[in-house]
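Guided by the hints, dock chain B onto chain A, whose structure is given.
Going line by line, the protein sequences match chains A and B.
Each residue of the first sequence is one higher than the last, beginning at 644 in our numbering.
Each residue of the second sequence is one higher than the last, beginning at 644 in our numbering.
Just so you know, not all the hints are guaranteed correct.
Heads up, the list lumps identical chains together, so a pair's fine if it works in one copy or across two of them.
Cut-off 25 Å, straight-line C-alpha distance, at most; resulting in silico cross-link-like pairs (SDA-like, lysine to any residue) [said to hold, decoys possible]: (1) Lys694 to Arg653; (2) Lys684 to Arg817; (3) Lys684 to Asp695; (4) Lys694 to His666; (5) Lys694 to Ala745; (6) Lys689 to Arg775.
Don't read these hints as lab results, they were simulated from the structure.
What follows is the residue order along each chain.
2 protein chains.
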Amino acid sequence: MPGDAAATRRRILDAAIAEFAEHGIAGARVDRIAAASGSNKALIYKYYGNKDRLFDAVFDTIVVQTMNDVPITADDLPGYAGRLWDWYQARPELLRLGDWDALERGGSGMAAEAARQAAAEKTEAIAEGQRRGLVAASVPPATLLGLLLAICRTNPVASVARETHREAVVTAVRRIVTITAKL
Amino acid sequence: MPGDAAATRRRILDAAIAEFAEHGIAGARVDRIAAASGSNKALIYKYYGNKDRLFDAVFDTIVVQTMNDVPITADDLPGYAGRLWDWYQARPELLRLGDWDALERGGSGMAAEAARQAAAEKTEAIAEGQRRGLVAASVPPATLLGLLLAICRTNPVASVARETHREAVVTAVRRIVTITAKL
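Isolated chain A (complex conformation) (with noise of 0.2 Å):
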């Protein structure tokens, strides 16, 4: 039945996000994926082909889910930068995919439709913000979208409350955004 078809599928790409965040990809091991999604290797394959692909499933998974989770807000990117650190703290799994990813692959899970999808989309975002006079023009979209997700990424240190970090992050990116000749 096909609901029980999506539900497979839904267990078997949470056990992989879990298993590719833990192993990455060289190590991760689709008879664990198999036995902790209650599925089997077969059905995997014949869903998703192989391990690398299961990796693509798995990212475009996540990046369309982030999307629709924490859209981006190109009128407010800081408090965009605050809901997106959320986001990742309460799932650190995440953050591993993407370093795994680059390690692994050099980044390469761009090449997956969605993911690809994600950045243009956010990149035309922030330049539409930048022809409305909202965002600082002076850097390249693309580029102050790479620095917005670089300190969306940053961890708290032990010493500092996770509020204070919070703070930090959405200062950061609004001083960073904020139109100014004096900066």
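Frame of chain A; chain B shown alone:
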């Protein structure tokens, strides 16, 4: 002879940097490091104990080298950011080593004495800059350091000139550390 031993250790470390950067800690092979350094596994184990301790030695070495060649300048953090960005761009293997450490050991490379010491010194330099009124004091110094390092670790996107990205890094750090009541 001591000179020979020092040269052999240096060759082993250089080979280890390349091997760990490429394959990570779990994926690194001591026999490849032995072959690449014209050494042998027995000697590597004699000098460094085991693969994990060899990674510690690598981490310490690159931290000390970075501290020496790119000293922090609390009275000019934007300039420091530019120089550190140049340093990392010329040595992408250093970024990869840090990322593997974060993923495979939860950043416990920081347990290595030199790395902990380096972080403490940089944090203190920023704190001193804040006390002297050179650096915005609204953000805890360790947090400010974390944001600065995250910005310095960003790579340019393909569509943007490297010099443009470098300027964005320097400007972003300038805006974050500049004292102003307005932003």
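Next item on the list: Tell me, please, which holds for lysine 694 and arginine 653 at an alpha-carbon limit of 25 Å: within, between, both or neither?
Entry: within (16 Å within a copy, 38 Å between copies)
Note to self: At most 25 Å between CA atoms: does that hold for lysine 694 and histidine 666 within a copy, between copies, both, or neither?
What the structure shows: both (13 Å within a copy, 18 Å between copies)
Notebook entry, point to check: Is it within, between, both or neither when you check lysine 684 against aspartate 695 at 25 Å Cα-Cα?
Noted result: within (14 Å within a copy, 33 Å between copies)
Check: What label fits lysine 694 with alanine 745 when the C-alpha limit is 25 Å: within, between, both, or neither?
Finding: both (17 Å within a copy, 23 Å between copies)
Check: Is it within, between, both or neither when you check lysine 689 against arginine 775 at 25 Å Cα-Cα?
Finding: neither (48 Å within a copy, 64 Å between copies)
Notebook entry, point to check: Taking 25 Å as the upper bound on the Cα-Cα distance, should lysine 684 and arginine 817 be classified as within, between, both, or neither?
Noted result: So lysine 684 and arginine 817 fail the 25 Å test inside a copy (48 Å) and across (52 Å) alike.
Violated hints, in rising order: 2 and 6; the structure is consistent with all others.
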